[in-house]
Amino acid sequence: MSLFSKNRRQQNGRRHTVDEQTGMGKTTGKSAGSFVPKEAHKDAHKRGANRQTVATLTLHSFVSLHRQVGRDALTRLLNNPVASLLNSLLIAVAFSLPVLLFVLVSNVQVLGAAWDGQPKISIYLNHGVSQKIIDQRIADYRQDPLIKEVVYLSPEQGVNDFQQKAGLQDVISQLGFNPLPGVIALLPVSEASFEQLDDAVVHYQQMEGVDQVRLDRQWVQRLQAILTMLERFAVMLGGILGLTVVLVISNTVRLSIESRRDEIKIISMVGGTRGFIAMPFIYMGIWYGVIGAILAQVIVFSLLAVLSHEMMNIAGLYNSEMVLSGPGFGVLGVLLLAGIAFGVLGAMSSCYRHFQALVPD
Amino acid sequence: MIRFDGVSKRYPGGHVGLEQVSFHLERGEIAFLTGHSGAGKSTLMKLIMLLERASAGQVWVGGHNLRALKNSRIPYLRRNIGVVFQDHQLLFDRTVFENVALPLLIAGYSPSDCAGRVRAALDMVGLLSKEKLLPVALSGGEQQRVGLARAVVNRPALILADEPTGNLDPQLSTEIMKLFENFNQVGVTVLIASHDLALVARMRHRILTLDHGRLVADQEVQ
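Protein chains in written order, with this note's numbering: chain R, 1 to 361; chain W, 1 to 222.
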């Protein structure tokens, strides 16, 4: 900005020296050093106003400044390896817990989807449907390649079953009629997927004489519900532990700000903006976030390597061909991005709070 | 370049830093600010740099009323002012070169573009051969000269020096003062706070004298 002279030119070119009249180009870099002899003194006042050099922030200088600040920040961390490693481990543990939970949940989900247990379909027939239609239905189901076994349970058999199980006698004579419908129980083939069965249920529902069709898969639904809950829990845990990461980084940055308060004061005194002063600290936060995320991935993979043996045993007990799969690239990418975001967030919150006292604005 | 108009600075607790100070320092002028310690020299310097704001009155720097200057613009004001301190205020974990380059980096120069200007500034104070050293390896006088190089590297229109010779022997002090005169000769406005009355008198420039926060004397060049 041109605080001291209003006619400063700032056209094409990243910067240029305004006092061309003395022929001091920026490439010589000598203008400050080569003092003009005494006779130039009388118009020195005028030039004093214009001798500032305009520096416009170009992409090149911007990038090289960031590169240098980023490198400096990393060097600072590496110069103090033990403390940095402990901080990063703290961050890594906070990252790895939700990731582990997430990985386990998604593995069990795969287990649930590949489940080769056999759900049952119950067809409840209309009351008073004729034996001819019942026979037709049974024949239909026997022809369906999805169905392995068909068992018909007449209303009479149903009542007998019920009376035996409930310990009641003569329900029909007391009620005056048999309230139970006829039921055809179907056992699908093991290859049938849930989608196919769902389609079959819709199809059966429309058949003549059929009142209601039930696909018995409550246990899968329960498992799904539990997994959904666990997944939400992982997200919530991720949120809480993310906050932890932000606080850890914020606190680490605070300590660094404290130890560099002289530097901050000097930079502020020679015209550094808050953004410039905050930059090394923000890079420090980013590095902590990134290193923490990488360490978290190491932790997750090590634990999964240990767990995978146990997991195979369990899968074996369920006659399932199941392999424990680790987090995909998506999860790793998200983890890295979260590390960067939390690092920036933690560092900025710390800078915001502690510059108030240090930067004399 | 600097105009004070009935400026007062009172600190919480009733301590008076400055009381009704008015003076005008022209563009290209050089002046000394003297007074016993606690007379308000540093306070006056801080008001110019907006390290503190005046309680009453107006401070104008480079044609700008500092009262109207927003906090977010303060860094840009300071980039036009080179400051030299008694205790140098160098960064001790960086080399002489990096210390001097700091104002340029802040102003948006890429590190590779700084080199020429930094060397010119170091050459001027006679420390070109020591650019790779850390400040601890330098003597007090040399450290002060690094501070001086840092103050002028961005070619500011105004240089403020707060007791720049406080810790130096008379000969070194005179050398430093000569450097300030050199800057002044190329048009830089210079204001030097010093309690070394003998030295100040020898330099034969305008002298502003503060006493308990009041401007008690404003002697023009004899």
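Read the hints as simulated data drawn from the structure, not as lab findings.
Positions of the beta carbon are idealized from the N, C-alpha and C atoms, including for glycine.
Hints are supplied without guarantee of correctness; some may be wrong.
Stated by the list, open to error - Computed Cβ-Cβ distance ranges for the label pairs, DEER-style: (1) R:F62 <-> W:D169: 43 to 51 Å; (2) R:L78 <-> W:G63: 41 to 49 Å; (3) R:Q356 <-> W:R67: 53 to 61 Å; (4) W:D93 <-> R:V334: 33 to 41 Å; (5) R:V82 <-> W:G63: 27 to 35 Å.
Here's how the hints hold up against the structure:
The beta-carbon spacing between F62 of chain R and D169 of chain W, approximately 45 Å, falls within the hinted interval of 43 to 51 Å. Checked against the given bound of 41 to 49 Å, the beta carbons of L78 of chain R and G63 of chain W, roughly 48 Å apart, stay inside it. Evaluation of the 53 to 61 Å hint for Q356 of chain R and R67 of chain W yields a failure: the beta carbon distance comes to about 22 Å. Checked against the given bound of 33 to 41 Å, the beta carbons of D93 of chain W and V334 of chain R, roughly 37 Å apart, stay inside it.
Roughly 54 Å separates the CB atoms of V82 of chain R and G63 of chain W, a value that falls outside the hinted 27 to 35 Å.
Hints 3 and 5 from the earlier list are contradicted by this structure; the remaining hints agree with it.
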